[in-house]
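Asker: The lines below spell out each chain.
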Amino acid sequence: MSKADAFAEAGKTAVLQNIQGTIQFLQAFPPFDQMEAGHLGFLVENCQLRFYAAGDPVLRPADGRVEYMYVVKQGHVIGQRPSPTGSGMQNTLEIAVGECFPMGALVGERPTRTDYLAAEDTFCLQLNREAFARLLGLSVPFRDFAMRGVSSLLDQVNQQVQLKAAETLGAQYSLDTRLGELASRSPVTCTSGTRLRDAVRLMHEQHVGSLIMVDGQQRPIGIFTLRDLRRVIADGSGDLQVPLDLLMIPDPFHLPPSATAFDAALAMTQRHIAHVCVVEDERLVGVISERDLFSLQRVDLVHLARTISSAGSVAALAALRGDIAHLIDNMLAHGASPAQLTHIISLLNDHTVSRVIELTIARLGDPGVPFTWLVFGSEGRREQTLHTDQDNAILFEAANQAEAERIRQRLLPLAREINQALDQCGFTLCKGDIMAGNPELCLSRQEWLRRFAGIIHNPNPEHLLHSTIFFDLRAVWGPSEGCKVLVDSLLEMIADSALFQRMMAGNAMLHRPPIGRFRDFVVASRGAEKDTLDLKIEGLTPFVDGARILALAHGISESNTLERFRLLAERGVIEAKDAASFEEAYHFIQLIRMQQHQLQERAGKPLSNRLDPDTLNTLDRRILRESFRQAQRLQTRLSVRYQL
Amino acid sequence: MNPFAFLSALLGRGPQLDDEQRRRLQRLASPPPLDGRPLQTQRFVVLDLETSGLNVERDIVLSIGAVLIEDGAIDFGRQFECTLQRQLKTVTESVLIHGIPPSALARGVAPAEALLQLMEFAGDCVFLAYHAPFDQRMLTRALKTELGYRLQHPFFDIADLAPMLFPEAFVQRGGLDHWIDYFKLSMAQRHHASADALATAEIALILFNRARRMELDNVYQLSQRLAHWHRSRSAAQHAL
Chain A
1 MSKADAFAEA
11 GKTAVLQNIQ
21 GTIQFLQAFP
31 PFDQMEAGHL
41 GFLVENCQLR
51 FYAAGDPVLR
61 PADGRVEYMY
71 VVKQGHVIGQ
81 RPSPTGSGMQ
91 NTLEIAVGEC
101 FPMGALVGER
111 PTRTDYLAAE
121 DTFCLQLNRE
131 AFARLLGLSV
141 PFRDFAMRGV
151 SSLLDQVNQQ
161 VQLKAAETLG
171 AQYSLDTRLG
181 ELASRSPVTC
191 TSGTRLRDAV
201 RLMHEQHVGS
211 LIMVDGQQRP
221 IGIFTLRDLR
231 RVIADGSGDL
241 QVPLDLLMIP
251 DPFHLPPSAT
261 AFDAALAMTQ
271 RHIAHVCVVE
281 DERLVGVISE
291 RDLFSLQRVD
301 LVHLARTISS
311 AGSVAALAAL
321 RGDIAHLIDN
331 MLAHGASPAQ
341 LTHIISLLND
351 HTVSRVIELT
361 IARLGDPGVP
371 FTWLVFGSEG
381 RREQTLHTDQ
391 DNAILFEAAN
401 QAEAERIRQR
411 LLPLAREINQ
421 ALDQCGFTLC
431 KGDIMAGNPE
441 LCLSRQEWLR
451 RFAGIIHNPN
461 PEHLLHSTIF
471 FDLRAVWGPS
481 EGCKVLVDSL
491 LEMIADSALF
501 QRMMAGNAML
511 HRPPIGRFRD
521 FVVASRGAEK
531 DTLDLKIEGL
541 TPFVDGARIL
551 ALAHGISESN
561 TLERFRLLAE
571 RGVIEAKDAA
581 SFEEAYHFIQ
591 LIRMQQHQLQ
601 ERAGKPLSNR
611 LDPDTLNTLD
621 RRILRESFRQ
631 AQRLQTRLSV
641 RYQL
Chain B
1 MNPFAFLSAL
11 LGRGPQLDDE
21 QRRRLQRLAS
31 PPPLDGRPLQ
41 TQRFVVLDLE
51 TSGLNVERDI
61 VLSIGAVLIE
71 DGAIDFGRQF
81 ECTLQRQLKT
91 VTESVLIHGI
101 PPSALARGVA
111 PAEALLQLME
121 FAGDCVFLAY
131 HAPFDQRMLT
141 RALKTELGYR
151 LQHPFFDIAD
161 LAPMLFPEAF
171 VQRGGLDHWI
181 DYFKLSMAQR
191 HHASADALAT
201 AEIALILFNR
211 ARRMELDNVY
221 QLSQRLAHWH
231 RSRSAAQHAL
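Taken in order, these protein sequences are the chains called A and B. Taking the numbering used here, the leading residue of the first sequence gets 1, the next gets one more, and so forth. Taking the numbering used here, the leading residue of the second sequence gets 1, the next gets one more, and so forth.
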C-alpha cells in the first residue's frame with residue numbers, strides 16, 4: 001500500500017466512526033433494519049443533517065420537485081393538507097423518529113402535496129435524489145419499501161406472524177396455499193358405466209377415499225366416496241354389479257386451482273362435504289380431501305363443524321367451545337387473516353346456534369309455527385371473536401295483532417330456553433336483554449317494521465344506539481325470506497329519511513380514533529386503564545359505524561363491514577383505493593386485538609380490548625397509528641358528506 | 001523562535017515538508033472576512049481536538065475530528081477525522097479521557113500531513129468549537145510548529161454562543177454534556193473527537209436557527225453581539 005493510500009484508508013476508517021453511529025441508529029427502524037450494512041453506509045455517506053425548530057416548514061408543495069428523502073433522526077414532523085371543507089389545513093400524517101417521507105412524491109418525481117412541518121425541535125437526515133435513485137437500484141428491501149409504502153409494512157407484519165407460526169408449528173403451509181399446489185397428484189377417475197365392484201377395487205388399489213367420474217372431455221360428472229359406499233351398504237342394496245352412475249353424487253362441487261386452502265375448508269364446512277374437485281377450464285385437474293386439509297392445518301375445521309352439527313346435547317356443544325378456541329389459535333398461528341378468522345368463528349357459531357335451537361326444540365317439542373332466528377351486532381356482521389355475547393331475536397309471520405300475540409306466547413318459553421342453552425355454550429347472556437326471550441324482540445314482521453320505523457322517524461339517542469345494533473341483522477336459522485323482505489323495507493325507509501341518515505352519521509363520529517395532533521397515541525391518563533386505548537371502541541367502531549351508515553343510505557343490505565366497503569366502492573360511493581385502505585386498517589386493528597386476546601387467554605386473564613401501545617414493537621406501533629389515521633379519514637369523509 | 005521550536009529545529013524535526021506539501025501549503029485558502037453574508041451560505045468547520053493534556057504550551061494534538069456545515073446542513077459524506085502519529089514519552093491519566101491508546105498513535109498519520117489535510121478540508125471556513133480558545137491555541141501552535149503556517153481563521157466558541165442565544169437554559173459555562181442534555185441530543189459515543197464534533201455541530205445548527213430568528217443572520221452581527229454579551233457579563237460579574 002502506498003503512503004497516500006494508507007492515509008486515505010486511515011481517513012476513511014476514522015470517518016466511519018460517525019457514519020457507524022448513524023447506521024446503528026437507522027437499523028432500529030424498517031426498512032433500514034433489513035438493508036445490508038454496505039447499502040446503509042452508502043445512504044449515510046450521502047446524507048446531510050438539518051435542524052428545524054418547532055413550527056419550521058420542512059418541505060412544501062411550493063418547493064417544486066422533491067429533491068431529498070427525509071428521515072426523522074430526532075423530534076417529530078407533521079404533514080398537513082388543505083381540509084376538504086376548504087377551511088384551513090388538517091393534519092394527515094405524523095412522522096416519528098426513524099420514519100421517511102415523502103416517498104410517493106420522490107418516486108413520482110413531483111412536488112409533494114403535503115406541507116411538512118416540524119412539530120417540535122427536529123433533526124432530519126436528507127438523502128439527495130441521485131443517491132436515492134442509486135439506492136433503489138442497490139437495495140431490494142429499500143426498493144420494496146419505497147415503491148409500496150405502508151402496504152409493504154403490512155406485508156412484513158403478515159410475514160412476521162406466519163414466520164412465528166412456522167417456528168412453533170414447523171409447518172411451511174398457510175391457509176393461503178393455492179389448491180393448484182396442494183392437489184398436485186393426478187386424481188383417480190372412472191367413466192360412465194363403471195360397476196360398483198370395479199370402482200371399490202380401484203379406490204382400494206389407489207388408496208383413495210373418493211372416485212371422480214369424468215366424461216370424454218375430463219369434465220367431472222359425479223363423485224363417489226367411501227361415505228357413499230357406507231350408505232349403499234347400509235341401505236342393504238349392495239349389489240356390486242350396479243353401475244356407479246346410479247350411486248354417485250352428480251355434479252360435484254368444484255373450485256379453480258387459484259382458490260385457496262381456506263376456500264376449500266370453508267366450502268367443506270358450509271356444504272358438509274369431504275372432497276372438493278379442482279377444475280380448470282372445465283377439466284378435472286385434482287381433488288382436495290378433508291384429510292389433505294387436515295394434514296395441512298393440523299386443525300380439523302370440517303370435522304369440528306360436523307361434530308357441532310351432530311352434537312347430541314347442549315353439554316356436548318359447550319365442551320366443543322374449547323376446540324373452537326384451539327382451532328382459532330392454530331389458524332391465527334398459520335397466518336389466517338382476521339377476516340378469515342372472524343368469518344370462521346361466525347360460521348362455527350352459526351352451526352352451534354342452529355344445533356342449540358334444534359336440540360331445544362327436540363327437548364321441548366315443536367311449537368308448530370315457523371320462526372326465524374335473527375342475530376344482530378357483531379354476530380349479524382359476521383365479525384365475532386371468541387369474546388362474544390348474545391344479540392338475538394325472533395321473527396315470525398302473523399296475519400294480525402291477535403295472532404302475533406298468540407304465536408309470541410307460544411315461542412317465548414322456547415326462546416328463553418335457547419338463550420339459556422346458548423349461555424351454557426359460551427354466548428354470554430346480553431346485559432341489555434337484546435335476546436329472543438324478551439317479548440319486545442319476539443315479533444312478527446309487521447311488528448318489526450313498526451319498530452324500525454319508530455327508530456328511523458324519531459332518531460333520539462336511545463334509538464340511534466338501537467340502530468347500531470338492530471340494523472346489522474341476519475337470519476341464522478329458519479326460513480330467511482321474511483328477513484330479506486324486512487331488510488329491504490328497512491333500506492327503503494332509510495333512503496327516504498335524510499334526517500335519520502344525518503343523525504346516524506353524527507353518531508358514527510362519537511368514537512374518535514385515539515391519535516392526537518402532536519402525540520403518538522391518545523391514551524387514558526389515569527385509573528386502572530392508564531396508558532391504554534380501546535382497540536374495539538376507539539379503533540374498530542369508527543369503521544363499523546362509518547360503513548353501516550354509508551351502506552344503509554345506499555341500499556346495501558350486506559351487514560359485514562368489509563363487504564360493505566367493497567360494495568360501496570363498487571357503486572362508486574367511496575373510492576376503491578379508500579376502500580382498500582380502510583380494509584387494511586380495519587384488518588390490522590382486528591389482528592392486534594385478536595393476538596392480544598390470544599395472549600390473555602393463554603395467561604388465564606380476562607379478555608380485554610385495552611392495549612398499551614408501548615407494548616407493541618416499532619413496526620406494529622407505526623401501522624396501528626396509520627390505521628387509526630384511516631379511521632380519522634373515514635370520519636372526515638362522513639363529516640363532509642353529511643355537513644356535520 | 002520559541003524554545004520548543006528551537007529544540008525541534010535543533011533535533012532536526014522542524015517543518016520538514018516535501019515539495020508537493022510546500023505547494024499544497026501555498027494553495028490553502030485565505031481566512032474569510034467576518035462579513036454580512038447569511039449564515040446559510042457561510043462555510044463552518046466544527047473542530048474537536050483530542051490532546052495529550054490541557055496545557056496549551058506543552059501538550060500536543062493527538063487527534064482531530066472535524067464536521068463540515070455547509071448550506072446550513074451537516075454533510076455526512078465530508079467529515080474529517082485523523083489520528084496523528086505521535087510517540088508519547090509518558091502515558092498520563094489523560095489517556096483515560098481522550099481514550100487514544102499509544103498503539104493507535106503509533107499508526108497515525110504524520111502530523112504535518114494530517115494538519116495539511118485538515119486545512120485543505122477547512123478551506124475558507126469559520127471554525128466552531130466547544131471551548132474554542134483552547135482548540136484555537138492548540139491548533140495555532142501545531143500549525144506553526146509542523147507547517148510554519150500562521151492560523152488566522154476566525155473562531156466562534158459554542159460555549160459562548162449557546163448561553164447567549166439560549167439564556168433560558170441557565171447553563172453558564174457548563175460542559176458540552178449540559179447542552180447535549182438540554183437539547184436532548186442522542187449521542188452514540190462521547191469523548192471521541194469526531195463524535196464530539198458531531199454533537200457540537202448539531203448544537204451549532206440549533207444555535208444558527210435561533211440566531212436567524214433573532215435577526216443575527218451573519219457572522220459579523222453574531223460577533224458584535226457576542227462582544228457586547230461578554231462586556232455586559234463581565235460588568236455584571238464586577239458589580240457582584
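Don't read these hints as lab results, they were simulated from the structure. Among the hints, a few may not be true.
[Stated by the list, open to error] Here are the computed lysine to any residue pairs in the SDA-like style, where the Cα-Cα straight-line distance is at most 25 Å:
no.: 1; chain 1: A; residue 1: 530; chain 2: A; residue 2: 607
no.: 2; chain 1: B; residue 1: 184; chain 2: A; residue 2: 619
no.: 3; chain 1: B; residue 1: 184; chain 2: A; residue 2: 121
no.: 4; chain 1: A; residue 1: 536; chain 2: A; residue 2: 445
Asker: Please go over all the hints and tell whether each is borne out by the structure.
Answerer: Tested hints:
For the proposed pair residue 530 (chain A) and residue 607 (chain A), the alpha carbon gap of about 17 Å is at most 25 Å, so the pair holds. Proposed proximity of residue 184 (chain B) and residue 619 (chain A) is supported: the alpha carbons are some 24 Å apart, at most 25 Å. With a CA separation close to 10 Å, the supplied pair residue 184 (chain B) and residue 121 (chain A) stays within the 25 Å bound. This hinted pair does not check out: residue 536 (chain A) and residue 445 (chain A) have alpha carbons roughly 32 Å apart, beyond 25 Å.
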